[in-house]
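Novice: Using the sequences provided together with the hints, build the complete structure.
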Amino acid sequence: MVEVDADNGAGREMYEFVRQLYPICRSITGDGLRETLAAISRSIAPLRLEVHEVASGTPVLDWTVPKEWNIRDAWVADSTGKRVIDFQVSNLHVVNYSVPFRGRLKLIDLRAHLHTLPDRPDWIPYRTSYYDETWGFCLSQRQLDAMPDGEYDVCVDSSLAPGSLSYGELVLPGSTDEEILISSHVCHPSLCDDNLSGVAVSVALARSLSRESPARRRHTMRFLYAPGTIGAITWLARNRERVNRIRHGLTLTCLGDSHPFTYKRTVLGRADIDRVVAHVLRHSSLSHAVIDFFPYGYDERQYGSPGFRAPVGSLMRGRHGTFPEYHTSADNLDFIAPDRMVESLKVLQSVVQVLEGNSAFRNLAPYGEPQLGRRGLYDAVGGKTNIPGLQLAMLWVLNLSDGKHTLLDIAERAEIDFRVIRKAADLLEEYALLSRATA
Amino acid sequence: MVEVDADNGAGREMYEFVRQLYPICRSITGDGLRETLAAISRSIAPLRLEVHEVASGTPVLDWTVPKEWNIRDAWVADSTGKRVIDFQVSNLHVVNYSVPFRGRLKLIDLRAHLHTLPDRPDWIPYRTSYYDETWGFCLSQRQLDAMPDGEYDVCVDSSLAPGSLSYGELVLPGSTDEEILISSHVCHPSLCDDNLSGVAVSVALARSLSRESPARRRHTMRFLYAPGTIGAITWLARNRERVNRIRHGLTLTCLGDSHPFTYKRTVLGRADIDRVVAHVLRHSSLSHAVIDFFPYGYDERQYGSPGFRAPVGSLMRGRHGTFPEYHTSADNLDFIAPDRMVESLKVLQSVVQVLEGNSAFRNLAPYGEPQLGRRGLYDAVGGKTNIPGLQLAMLWVLNLSDGKHTLLDIAERAEIDFRVIRKAADLLEEYALLSRATA
Amino acid sequence: MVEVDADNGAGREMYEFVRQLYPICRSITGDGLRETLAAISRSIAPLRLEVHEVASGTPVLDWTVPKEWNIRDAWVADSTGKRVIDFQVSNLHVVNYSVPFRGRLKLIDLRAHLHTLPDRPDWIPYRTSYYDETWGFCLSQRQLDAMPDGEYDVCVDSSLAPGSLSYGELVLPGSTDEEILISSHVCHPSLCDDNLSGVAVSVALARSLSRESPARRRHTMRFLYAPGTIGAITWLARNRERVNRIRHGLTLTCLGDSHPFTYKRTVLGRADIDRVVAHVLRHSSLSHAVIDFFPYGYDERQYGSPGFRAPVGSLMRGRHGTFPEYHTSADNLDFIAPDRMVESLKVLQSVVQVLEGNSAFRNLAPYGEPQLGRRGLYDAVGGKTNIPGLQLAMLWVLNLSDGKHTLLDIAERAEIDFRVIRKAADLLEEYALLSRATA
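Protein chains in written order, with this note's numbering: chain W, 1 to 439; chain X, 440 to 878; chain B, 879 to 1317.
Among the hints, erroneous ones may be present.
Computed spacing ranges between beta-carbons, pair by pair [unchecked claim]:
#	chain 1	residue 1	chain 2	residue 2	range
1	B	K984	X	R451	53 to 61 Å
2	W	N244	B	I1169	44 to 52 Å
3	W	R245	B	S1163	44 to 52 Å
4	B	A1315	W	L268	14 to 22 Å
5	W	D292	B	E1307	21 to 29 Å
6	X	S495	W	L268	51 to 59 Å
7	W	P59	B	S1165	49 to 57 Å
8	B	I1169	X	E869	25 to 33 Å
9	X	V610	W	R245	52 to 60 Å
10	B	A1315	X	D865	47 to 55 Å
11	W	E133	B	I1169	53 to 61 Å
12	X	G760	W	N244	48 to 56 Å
I should point out that these hints are in silico values taken from the structure, not numbers from a laboratory. Values in this document were obtained by computation on a predicted structure and should not be read as measured data. Where a beta carbon is used, it is the ideal one built from N, C-alpha and C, also for glycine.
Specialist: Written out as structure tokens, the structure reads:
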């Protein structure tokens, strides 16, 4: 049910947005994160991104908001003063959250602070040290191999000091306070698929949905842009009473690569969002897999923790940890493509469409089959209709609309695309054969 | 569990009955339908077929009983007066329910009223126009190709006028008012498999069951012979209070062809009738498929509509719409065979046997296994018995007869033919090891 | 989760025990059975085997304890006085429970009392005649073929007289009176796999479990050594009030051969014991099959009868009746192997471990994920831990420990070996992140 003809405009916009954000050195706190939220804010104007700042040291659930980290420069220079590892070339070169350091070390001592990928000798790994006050550099194996023994000057010109953690929220109000949560982690530095692609697709989804009138929107849409783990935990700590309004939720990640889609179910396993994403993917022509929840990955594990049990699944293409480019410098602008992000966007649009349009109805002529022909709902002579599959969809909707089955229930049992079922229901409602069931 | 050695007597009788009914021009109302009901009535004498006549214009559920249609003659003649399409040759040649017409038309104008099957150039299609007051002819593509341009005289000597809709009911009373409904549509003109085969098998089933004493019959058997859709709807409208007595039901269609059996489940999906037909077919040597309900096909969709939800499945061999002969002149006397109808009859007899014999029992020696040998239920030395599988069946019945499991539950779990399980239960009851559970 | 490195000590001990018991002529009553129970008693000292004697004629459920059978000698001699069939060579030669007989018969008359296996001409079959007062001999087909026509002297020097039925029970008390029952039939004469192997493994399991303090044992362990069918029935009759304390149970049989394991589920189909044995086997490297219950086989059918419904499954390697050596002289000391019995023992030890360790817990920091790193439960920098899989297991335990899911539920859903899940739970309990759920 996903139209895959690339919307080139949307694809270009998303890709340009990623290109703009790519060079920024983000982390779970700090100015790079703020700059990113500011760019999101500009991109969705006139919609309003509410940016929150939560002070270091604030207790959040079982955690504490950490000190704020900022970095200006970092390098390792050889005895001639030449920078052999340089933060200015790639922000991946410094271990994220490295504490300030200045000194001269022999290579043999420096090595304990250096991280490479021997199997991928040209790639720089991405490493973090959020909760351990140390410093380090990441570099390609070839760079390391080219470093002769001897002494090196090391500089990490960073700061780790009381400050705040930033996150942004965008809310599109609906006619009820039942919410759909779209959550994207926004803490990774120069990595495109993980997760600038998720952020860009989320922003594009928000923009496309904002074009509809809030009166026609049933759910309140909440878009969250927060650092992974600690950001979701901070949001949860500050919104404990709001969590049980989340009726459906998704974390978005790795939505720009060329892998088939993977949908990871919520911890509940058969929540509406699980059924809807599976339905949308099954009725698309897109390769995909649906996998069970496991308590690892992204922030679905925070939302789904036993105290909250919010039904939040995860939509991705490439699955974290299973493709070699993951968390390396090879997750760059070449690794993602506009068309792939457009596919991701369309899947999400379809998912929201189904969530919005899923209701239970009651057949108003439930005894026998109503005479559709008399009402002009059939061709008189044959049994032809000019919308393929719609006639059978009408019969399914009439037969199962006993006030208990939702349109999704019907679409699943009939194995018919939700949109056709929905169209049939609209038509039957228009012809006074169906009425919305009240709860 | 179906004995497939052809009962040639029954097969010949059913085939002869079809041959007798074949030439009659039936429709959803009219004299052809009445003549068919009269033939059924004669065939089941001294059992009584109650024939109902319901006046045109009577509101029935969401529908209205239509005007009555009768036809005497219909033809298209060329300029020499020669009949090139002739109702007297085959009643399929006229679109069923064609309004009276007399006129001369150029071929080019006549064509809008002609229906052929280009892919099957020798076959005449079967078409109806029940709720659209028009007229038309059906003919083979070869006939049409042989018609030169020019003018043609057209005559449809029919009448469409207030009258009544006819249907017939045969009831075999049982010891309870819980009913088994066997419903066959009886409205199609010269088509053998669809549905003279269903009618003939239904009549043969009624006759065979009538040989047993009503006191020994638990369910009341209701055989309905009514026009498709409008006939079932008329019956439902006039028997609203009786519908909830239907414990099990089947529509019968296409039971004379050589295709494997298809059983289409009730809308409930796991009603007793669904389990019983699947069990009987699985323990037969007959090729078959069991498919899910869908709200199309025959009158199971009326009985199963949300206001009624009667558990009515559909038994067929060839599945409507999936074999080329369906609704064409090729569904003729050569397309069906006595042996195939005998197989169908035997499946139905087995189904009724299981429905009648399915009860829950209570093991009267439930602590440990009773000593069967002491009672002579085993051979003493070995563990041999002269009825194959009966010993294990006895152990299953003893083990699961806790007053909750029915014999069908036991047969399903044990994967043993119901008849063997039933035999074991009878034996154990005789030996005072089992008593019928009261509800 | 089963360590298959053979524990040679245990294997040798079990095999020696079988070798010691092999020559004894056991039956469902009599001195051979008593001698076997005495050997078990010696083997488990200082643990105490309580031996019960139940008088012939005692009513037990639907049965009666039979007369006691003993045998001193039995033979068939030819006209020269040479013993051509001799009980002293193999106790299988006499039909078990043969009544005393002394006489001279022509071969043609003797044949009615002789049993062979024509398809396995070198093997002696095993036959019984418990409830039919007759006599007979079993011999190889070759022996029979070598017997010329003529007269033979026959002697069955047995006795069938009032006495008693013997069985033994060993109880390892636990901290609750919830019981695990391990039941082995002990009535077969010189057959190794069926069931000296089951007896030997049961004894080895009892000995290994007895090394742990009763205070640390949750379940009371009951080991039953009783003749098949009548023994279990006798125990049930004398312990009716105790049966509902059985939380989990297994019958053991054929645990020394080289076939893959077969676990036959309880009649309940999804009892804890069913899930646990399946889990242990699935997480072992051992070939195995899990099959549904059927009311035949060993004493699981008595324990699971409708009056009791105790959850007792059956663990075996070769499945009774499906391998040619079953119930023949080929089920000898060569047919079993120490290593196979060690594998069986280890499976059982793992099963008991899981049953003992399975509890539900409550996550004490259920809102979001607790910060494991702060507590030293993670490596700080990476996400490495030195116990493979333990980190993910911890996350699973935290996520699903809502007081309702047991560790087995978690292990099944996570598809992680119970022992790793258990280790994670222990660690989290130690770090005050988990507390045992009270019922």
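Novice: Now, for every hint given, state plainly whether the structure supports it.
Specialist: Tested hints:
no. : hint                              : result
1   : K984(B) with R451(X): 53 to 61 Å  : holds (59 Å)
2   : N244(W) with I1169(B): 44 to 52 Å : holds (45 Å)
3   : R245(W) with S1163(B): 44 to 52 Å : holds (49 Å)
4   : A1315(B) with L268(W): 14 to 22 Å : holds (20 Å)
5   : D292(W) with E1307(B): 21 to 29 Å : holds (26 Å)
6   : S495(X) with L268(W): 51 to 59 Å  : holds (56 Å)
7   : P59(W) with S1165(B): 49 to 57 Å  : holds (53 Å)
8   : I1169(B) with E869(X): 25 to 33 Å : holds (32 Å)
9   : V610(X) with R245(W): 52 to 60 Å  : holds (58 Å)
10  : A1315(B) with D865(X): 47 to 55 Å : holds (50 Å)
11  : E133(W) with I1169(B): 53 to 61 Å : holds (58 Å)
12  : G760(X) with N244(W): 48 to 56 Å  : holds (49 Å)
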